[in-house]
Amino acid sequence: MPTFAVLLCAAALLVTQGPDAAPVRQAYSASKEYRLRVTPGRGGETTGTACRATLQYRARGKRPETKWEVELVNEIAPLAAFVHDSGRWVVTLDEYRMGGAAHTLVVYLEDGEPGREWALDELLDPGELLNVERRGESLDWRHGARQVGFDAHAPHFVIVLENGREIRVDLERLELIESHGPATRELVTPATEMQADPKDPLLTLMEMLSASEMSEQLAALLAGGDPNGPPAMLDMRMADSDPEDPNQADPPERSWAWRVLNWLDSPSPDAALRELPRPVDDLPDPRPGDWVNYIDWMNTHTNAGTAADLFEQAAEATPEFDMDPDFFAEAMAGNPQTLADPDILSWLDRNVDGIALLREAGMHDFTGYDLRTGDPEDTRLIGVLLPTLSKIRNLARAQVILGKQQEVAGDYEAASREYLMTLRSGGQTGRGTTLIEGLVGVAVEHLATDALLDLYAKDVDGQIDYVAQFAQYDDYQVPMRPFSQTIQFERAAMMDEIQRLYEHDEYDGYRLAPGGLREFANVASLAGDSGPDAGMFAVGMALSAQGFEKIRDGADDFYDQMTLAATADYPASHAMFQAIEEELQTTRLTNPVLGVLAPSLTRASMLYTRGEANRRAARAVARIRAYEQAVGELPQSLDELGEAVDLIDPFTNQPMIYRLEGDGFSLYSAGPDMLDDGGLDYDRSNDSGDLRYWPRTLPDHD
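The working numbering puts the last residue of the sequence shown at 714; the count rises by one with no breaks.
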């Protein structure tokens with residue numbers, strides 16, 4: 013078993029998250045041969061399920077073997093978990109939403125059975141207990157802890173508190189050993205930590221050079237000197253991998269993200285990627301010195317036909333938004349007094365032409381606008397303009413306000429059609445090629461689904477024919493462009509930047525282009541007012557040292573892994589996205605283009621999934637109320653409505669949570685944390701709680 017020193021910076025991220033951090037879902041042994049998968053439990057007397065965990069072992073090149081699967085003592089899930097490299101022990105810490113107030117430290121044995129559990133007052137001294145930070149029912153006792161992990165030299169689990177005191181558990185005897193002195197023994201590096209290669213020439217050279225020397229070297233390069241610079245500076249080449257060198261960092265193909273992906277039911281991630289049908293399979297390779305026009309390529313995947321023309325005309329007909337935000341929010345909420353205000357009526361009047369064009373555009377096929385930059389000579393994909401998006405979103409708001417006015421007038425059917433048209437506009441917008449088009453499409457659809465659900469809540473007398481309402485969704489709900497395709501267009505933007513960083517070299521093939529580095533520095537904000545700084549010099553060194561092929565291949569590998577993640581359901585894809593992006597933090601020195609420009613696809617995936625949950629929920633409520641109108645009573649469960657995708661929560665891939673409550677019902681999604689919190693309102697600050705769709709809390713306008 014390999015032994016490493018603990019990297020305290022990385023450990024700090026693990027042990028100082030506090031009692032409200034997300035529950036742990038998987039953990040690895042130091043060698044990554046063992047993986048613990050945790051399925052959180054769900055609260056509730058009638059629908060509660062136990063927290064379960066599975067320990068798998070995987071020898072290199074073989075399929076994973078399940079060692080044990082058991083119920084954990086946690087009600088929901090632990091906050092942290094550690095797997096010994098021998099697989100003999102698993103240690104969990106704390107309880108989600110309870111912190112150290114429950115299941116503070118639990119040791120599970122080789123067969124998965126709990127060996128022993130320690131409460132917080134058994135681990136801390138009386139004086140330390142007095143200093144524990146309390147947050148509701150949670151006790152944040154590990155804040156500032158210096159080390160947490162297995163001892164590298166003995167079968168012990170060790171926690172070094174912020175005050176330097178060591179808590180040591182003998183795993184064989186299941187006994188607590190206390191030491192009041194500072195820790196003196198090495199811990200096995202947690203599987204989530206990544207170590208830099210101590211022989212990394214980039215790090216070594218950066219330590220040798222002062223910031224002023226770096227700036228001088230880079231200034232000489234940018235001034236038009238030898239692009240390769242002194243051999244020791246900008247013409248370095250990484251040494252070939254030595255599999256026998258125990259100090260060498262994992263090669264790229266055995267990176268953490270690779271290991272995560274390798275747990276899929278396939279011989280290897282490479283095989284999985286080969287079998288995966290590429291959503292966009294004609295992306296041209298970047299060509300330094302003879303740049304691919306990726307804008308033209310992107311436009312082959314759009315149709316600049318009738319719909320695109322109408323959308324652009326609608327945007328041109330839309331006035332600038334100049335309303336007071338609070339006043340406008342009242343109108344969006346359906347306040348009758350605000351809806352009748354002259355300012356709102358005037359604003360709507362100025363948007364009449366745009367709304368008419370938006371309705372007409374929604375009736376045509378659309379797969380995105382043709383992309384262009386402000387300068388016809390500029391072919392840089394990162395510089396494309398999308399001036400229509402904010403205008404389309406404002407028109408969608410105007411459509412919603414028109415619907416609210418129709419509600420006040422008692423014409424619920426007309427209001428419903430207005431909201432369904434808004435829903436269609438959002439789906440159309442989301443069919444564009446860029447990530448921002450997708451996210452704006454999600455936002456527009458959110459306006460529509462919120463308005464539809466509020467309308468259903470106001471319809472206490474059943475004025476809407478829900479059978480007909482439900483049927484209309486097929487006409488107005490347009491599928492957005494798949495997220496896996498959008499990732500390919502993000503890949504194109506990355507490849508466009510990479511090709512501009514290099515130029516041909518008659519001896520080595522490619523070399524760093526001074527002009528390309530200057531442009532990249534502007535994009536990445538690496539150059540200060542006084543000129544290039546040390547950070548920019550380090551970027552130049554990395555780009556030169558790695559070379560065009562490695563930078564390109566590293567970016568390709570990143571987007572291949574992201575594509576694979578995007579094809580999985582949310583529980584799996586979320587973990588994969590997080591793992592890939594965490595690994596990205598370790599490659600900023602060796603692939604700064606990826607480190608600077610790669611988008612946060614974990615967040616984008618969550619927003620896309622939430623948009624899908626909103627669409628399904630609105631349609632599900634219409635289906636439930638249609639059943640009620642036809643049968644005379646609410647369904648006892650969603651099973652009575654048959655199998656339908658709009659009844660499935662995309663965050664969990666399980667049915668949405670439906671309960672009868674008095675004369676009504678509740679319907680909600682578990683939300684981004686994938687936990688049933690009993691219908692607790694969603695908290696945007698930490699993506700916790702549930703997405704509660706029904707019953708609706710309508711504003712009181714009296």
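Hint data in this document are derived by calculation from the structure and do not stem from the laboratory.
One or more hints might be untrue.
What the hints assert, rightly or not - Taking lysine-lysine and the BS3-like style, the derived pairs with C-alpha atoms no more than 30 Å apart in a straight line are:
id: 1; residue 1: Lys74; residue 2: Lys44
id: 2; residue 1: Lys74; residue 2: Lys470
id: 3; residue 1: Lys79; residue 2: Lys44
id: 4; residue 1: Lys44; residue 2: Lys562
Hint check results:
no. : hint              : verdict
1   : Lys74 with Lys44  : holds (13 Å)
2   : Lys74 with Lys470 : violated (58 Å)
3   : Lys79 with Lys44  : holds (15 Å)
4   : Lys44 with Lys562 : holds (25 Å)
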